[in-house]
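If you read the protein sequences in the order shown, they are chains A and B. Each residue of the first sequence is one higher than the one before, counting from 1 in UniProt numbering. Each residue of the second sequence is one higher than the one before, counting from 1 in UniProt numbering.
By construction, these hints were calculated from the structure, which means they are not laboratory data. Worth double-checking, as some hints may not be accurate.
Claimed, not checked - Chain B stretches covered by chain A per the calculated footprint, using a threshold of three residues with CB under 8 Å from any CB of chain A:
hint, segment
1, 83–92
2, 469–475
3, 610–624
From a predicted model like this one, the values you see are computed outputs, not experimental measurements. Think of the CB as a built atom: it goes at the ideal place given N, C-alpha and C, for glycine as much as any other residue.
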Amino acid sequence: MTLNGWIQILAYCGIVVLLVKPLGGYMHRVFNGDRTFLSPVLGPLERALYRISGTSEREEQHWMTYAAALLVFNLAGFLVLYFLQRLQGSLPLNPAGMTAVEPGLAFNTAASFMTNTNWQNYGGESTMSYLVQIAGLTVQNFLSAATGIAIAIALIRGFAKASGKSIGNFWVDMTRCTLYLLLPLCIVLTLVYVYLGVPQTLGAYINATTLEGAQQTIAVGPVASQVAIKMLGTNGGGFFNANAAHPFENPNAISNLIQMVTIFAIGAALTNVFGRMIGSQRQGWAILSAMGVLFIAGIAICYWAEAAGNPLVHALGIDGGNMEGKETRFGIALSALFAVITTAASCGAVNAMHDSFTALGGMIPIINMQLGEVIVGGVGAGLYGILMYIVIAVFVAGLMVGRTPEYLGKKIEAKEVKMAMLAILCLPLAMLIFTAIAVVLPTGVASIANAGPHGFSEVLYAYTSAAANNGSAFGGLTGNTPWYNITLGIGMLMGRFLVIIPALAIAGSLVAKKTVPASAGTFPTDGPLFVGLLVGVILIVGGLTFFPALAVGPIVEHLATISGQTF
Amino acid sequence: MSQSKSAVIMDARILGPAIGGAFRKLNPRTLSRNPVMFVVAVVSALTSVLFVKDLVTGGGDLGFSLQIIIWLWFTVLFANFAEAVAEGRGKAQADSLRKARTETQAKLLTGDDRTKFKLVPGTSLKVGDAVLVEAGDIIPSDGEVIEGVASVNEAAITGESAPVIRESGGDRSAVTGGTQVLSDWIRVRITAASGHTFLDRMISLVEGAARQKTPNEIALNILLVGMTLIFVLATATIPSFASYSGGYISVTVLVALFVTLIPTTIGALLSAIGIAGMDRLVRFNVLAMSGRAVEAAGDVDTLLLDKTGTITLGNRQATEFRPVKGVTEQELADAAQLASLADETPEGRSIVVLAKEKYGIRARDMATLHAAFVPFTAQTRMSGVDIDGSSIRKGAIDSVLAHVNQSISAGSGARPASDAVRDLQAIADEIGKSGGTPLAVERDGRLLGVVHLKDIVKGGIRERFAELRKMGIRTVMITGDNPMTAAAIAAEAGVDDFLAQATPEDKLKLIRDEQAKGKLVAMCGDGTNDAPALAQADVGVAMNTGTVAAREAGNMVDLDSDPTKLIEIVEIGKALLMTRGSLTTFSIANDVAKYFAIIPAMFAVFYVAPGQTSGPLQALNIMHLATPQSAILSAIIFNALIIIALIPLSLKGVKYRAIGAGALLSRNLLVYGLGGIIVPFVGIKLIDMIITAVGLA
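Okay, chain A solo, but in the shape it has when bound:
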């Protein structure tokens, strides 16, 4: 590790923290329906949209109506994306003449983009037409992000509102999120990326003759716009197969920094929106602090492991850290940082190959995802994910001070505990069960590239990434097979909707409860004690489940490596 590396890491953290308050304040106004500086331009458009769709801005929904609207909307998005892929051969905007995507892959991709996972079993430039990229993938990038944010806002309302029935209006939340937050930011970011050298064109791929005289096809396309939303909406699906390691997606250090900042920006600011909506920004900072502790711990281990390098390589007389699979543009510190950010949030964009990380360095991204991506997390998903852990933490801690547990004045009772446990349970269910089957099933094993524990890690990483809706791949594993296309797709759907429904149910249950005023008997949830408690609960309740799996994957690989054992 170098001082320079740490300065870059801490500078990054500083920028994210500085953005929390202004962005949080703006988002708070947007979701409250207050006037913002964009209202003169977007207000008429927003109202026109409501008129056309017959939505009433003031009509709030019961949690079940909200959830039903969300499910119908997502199903529609899924079907559109599926059929766009299947029919792309006969649709316009297909200069490269791509043919229909086969059903398994189309299902996987549709599930992937609808759930904000953006796992890519396809190579973007070699499979998808421009139409699919623009009208299918990019549209879902916006909508899946807006869906996540809407759920978080609905859940916050459950805590913030003192006894009511409704948790907001799904259509209004979606419209405001897309119109006031995602679109304006993406327009600005797209222009910045274009300025930094990212292509943005609907023209055909470029055929070039190299100096040796060979013919080379250089893939281009509407890249900048997709890069903008894939980071901001923590989608992570690259335009190109190499994702943010590709020089057209991530040309230099500045674009790399902007991309890393935009991955965390909305997720971190949502903690502030939470604080503002419940009337105490300190509560939001406490949540962000717990996230921060886990983040710093993750980056410290990952950066240390990567900088320490591989003893087997050292034995060959090659000193230094582990540069395998990393871009020299970014180096070890920024590659490790990017890997931790992209898996802490549910982004999944990569600027280095995680498969090539050292065993421990590669374990951190896996753990980040297994914890449910609550370290800032996917837009919205991170906040509602950590709120599930908070329900559990507060329940146990509340008992320890001799009261029926309460958080922010809302009593945490059987229903909330049940729903939070369901949400927490669905992740190990999808991650471990599918991994367990895949590592003994011949079809599953056939896709594994490496022997021994590293091969195990590849499978574990794949299902972990799918169920956590991350979308980054360890690499090595051949994912585009019927088995993986279907099971990974199912994992993504489980990881998304088996968390969303309980989260909304909690919102509905909480919103109906009276707010109990705090007293000296209520333990403070905005101090270091609570932060420590929350971190402990996340690690023990969320993490211990995966200890056996990690032991036979990255941990045994690490121990074998240091003793010079190879497979």
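We have chain A; now place chain B onto it with these hints.
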């Protein structure tokens, strides 16, 4: 704390039967009430079947498997044992209560004439029947006194041997079946049928038979089931991981890992904690009608306390004599004493005491003085004495002034000097402002002065209220006094708020207002007019001396009829919740060490490099446990023994400390969270050393 019954945690009389109880509770129907232990029993049965199969086919490491299986069953038995011990403590009490519920003959009245009755068995009585109970009779069932007054020995239910008075009308009309009338007779209307009496309810409550899971217990059970499911996933996927890694894990070992990981400690002790919580209240002579009420007590935000008897000593006491100008203190004290000699009210007695202590005026005999006592009536609002043509009266200022004016117009006295009246009123105002009650004294139409009667705030009550404030509980004093007096006493006692000139409607409204703000309210009461408020309050403690209506309305009954107990009830409720939370934390925190014991033991056979005896994961054996078998065995033994070790704590409860929620949480997190991580490391290592030394593994 006036704990009237011994609080020995465990003694031989309870432990013996509890061992039998532990085996009886292996009944699947009983086990299924506790999901975590039910799962343990199921997997224990599974491994037992597999063991028998191995025994027949001759496969596997039989000695090792047998030991694991034995400890698995011990885990279940220990959990049952904990519950049986908790129940046993209640049973001992129930038995003594049962003795009171002997068959009695009741004198069923056939008409209004109390001499006409027929003898029927007590069990045949119906609600609404009227019975006669005379000196020496056992009251056959719960009822309300409709005629007469009697002294009753209620030792059978309260443990208090001093008899209490029960009379018709008023707030002391309830009688309890099984108690004995010592003197006089009463006519009682039966209010509870046989099998549904207070005593019956008490027996089933202390035995735990009527125990239902409380809301909080249900929520905790859901959490425990969730944790169990999570670890089902964690362990059920291991065989496949093992097969990929080129190894094999036996079912017995997997079951051992699973049982040590799921929260068996809290699962085993959960119902014992609940029973013990109720039991602590019973030992404290408070009877909760449901576990829900005990939990609610821990959550109370607002405590309504009656001034009289709770905050102040039962009665006002004379603290000084304030004569008007021209009268000496001695003269006033002498008159006041004479007027109070025959006054048996506590106020009257306190005047006699004050006159003696401060002015050395001895008690005189009324008869030798030829004195006739004039008792207090609601019309005159005065009492006094007539001695040889001279009359002394004491009473409320207005009444005495009116009396003086009247006797003047009747021509039997001199017109009182107007400055004496002014003086008297000035003194009275001053006393009133300080929270006291002025009592005017006159002799033969001449105003002498004022006796200052004062509410005496109980010693130490201010500190109790400060403690409650630290718990986050607001105290509200309820009194019939005027606001000025109430404010003065409230300030002296240190309550947070007061409700003056309170009517039952005011009380009810106050409770509803607090509840509308989301607060939980506790109160105690005894009168029939308290019943609506008792029913509305989240925790309503009825005094045992109270009326039937009050006892029915409350969700707790205090057998000692001591309203200050409300504070301890809150503490017991909090201790109950804290015990659950602390042991849950401990149980979950234990998993870290158990992983470090079992995972290396299970996985050390994977990827063994040529020339090595164990694989890379042996490095995780940070406790340096002797062998894989000893490691697994140590973990499962620790897991079972910790249940036994924690039974005393779960019965006694984690002590509540009024140090503020933040400090309390960090304290408990340190003890049960951090302790829960460290203790099993030490424990498992010790057990490993022992079983290795004796050659068990």
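Evaluated hints:
1. Here's how the segment 83–92 of chain B fares: 0 of its residues keep a CB closer than 8 Å to some CB of chain A, so the rule of at least three is not met and the hint is violated.
2. Only residues whose C-beta sits within less than 8 Å of a C-beta in chain A count toward coverage, and the segment 469–475 of chain B has 6 of them, enough to reach three; the restraint holds.
3. Using a Cβ-Cβ cut-off of 8 Å, 5 residues of the segment 610–624 of chain B lie near chain A, which meets the minimum of three, so the contact claim holds.
Figure legend: structure checked against the earlier numbered hints; the only hint not met is number 1.
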